[in-house]
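Q: Sequence:
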Amino acid sequence: MRDDSPDYGKWARLLIQGDPYLEGFLRKELNRVANQPPVSPDWLDGNMKPGIWYSGWRARRWEFMPLGLDSKGKYAVLRPRYQYFVSYIDKNGDVVLDSVAPKRGDGKGVGWAFMPYRPHTISPVGRKCEGCHLNETAAGRGIFRANTCDSELFLPSPPAIDHMRLLNKKERDRLLRVTEEYRVKRFLDELTTTR
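Under the numbering used here, the first residue of the sequence shown carries the number 585, and numbering increases by one thereafter.
If you are wondering where the hints come from, they were derived from the structure by calculation, not from laboratory data.
Values in this document were obtained by computation on a predicted structure and should not be read as measured data.
Incorrect hints may have been included.
Unchecked claim - Pairs of lysine-lysine residues, derived as BS3-like cross-links and limited to a Cα-Cα distance of at most 27 Å, are as follows:
{"no.": "1", "residue 1": "Lys633", "residue 2": "Lys658"}
{"no.": "2", "residue 1": "Lys675", "residue 2": "Lys712"}
{"no.": "3", "residue 1": "Lys633", "residue 2": "Lys594"}
{"no.": "4", "residue 1": "Lys687", "residue 2": "Lys712"}
{"no.": "5", "residue 1": "Lys692", "residue 2": "Lys658"}
{"no.": "6", "residue 1": "Lys712", "residue 2": "Lys633"}
{"no.": "7", "residue 1": "Lys754", "residue 2": "Lys769"}
{"no.": "8", "residue 1": "Lys753", "residue 2": "Lys692"}
{"no.": "9", "residue 1": "Lys656", "residue 2": "Lys712"}
{"no.": "10", "residue 1": "Lys692", "residue 2": "Lys633"}
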């Protein structure tokens with residue numbers, strides 16, 4: 585989000601943005617009585633320019649994500665990666681752009697596609713089986729019980745690369761079905777799991 589207004593208070597709880605310049609600028613401005621207009625470096629030409637770019641996230645890595653097939657035909661976690669919605673607030677505080685999504689390069693719609701992701705494991709404990717099995721979100725049905733125009737953003741859209749895809753109906757149904765084999769395995773897992 586590009587913001588040209590000196591309204592920094594709303595960012596006080598979101599100082600860590602992955603940009604050392606922005607963090608330092610916000611810390612300084614939040615301690616002033618009269619704020620200075622925002623400026624930040626243009627990383628292409630090195631000059632200071634009006635406005636500051638803030639970051640926000642639609643999805644974080646700890647959320648449940650849908651499953652799909654990667655380029656090798658293997659099941660993978662899918663998530664929106666390196667995809668942006670652009671907002672712009674001018675120096676008067678007027679919203680010029682409000683969460684505008686760029687168009688996809690292939691012309692097939694909005695540039696918001698879920699792509700395969702290989703999370704690195706740093707935890708000694710993985711997710712339970714139900715992180716995927718019996719999970720409506722993993723099956724690609726969104727994160728809400730009923731999908732409305734307000735929750736449309738949370739529905740997965742197909743990967744931008746043709747040979748990658750979301751789960752098909754048969755795969756979704758199989759993931760959400762409780763079989764006797766699954767019931768027995770989960771019961772035995774629970775008996776042998778150390779807590």
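Q: Now tell me, hint by hint, if it's right for this structure.
A: Taking the hints in turn, this is what the structure says about them:
1. Lys633 to Lys658: 45 Å, violated
2. Lys675 to Lys712: 48 Å, violated
3. Lys633 to Lys594: OK: Lys633 and Lys594 at ~21 Å, within 27 Å.
4. Lys687 to Lys712: 37 Å, violated
5. Lys692 to Lys658: 24 Å, holds
6. Lys712 to Lys633: 48 Å, violated
7. Lys754 to Lys769: Measuring from Cα to Cα gives roughly 22 Å; hence the hint holds.
8. Lys753 to Lys692: 22 Å, holds
9. Lys656 to Lys712: Distance ~25 Å between Lys656 and Lys712 Cα, so the pair holds.
10. Lys692 to Lys633: Roughly 34 Å separates the two Cα atoms, so the pair is violated.
Taken one by one, the earlier hints fail for this structure at numbers 1, 2, 4, 6 and 10, listed in ascending order.
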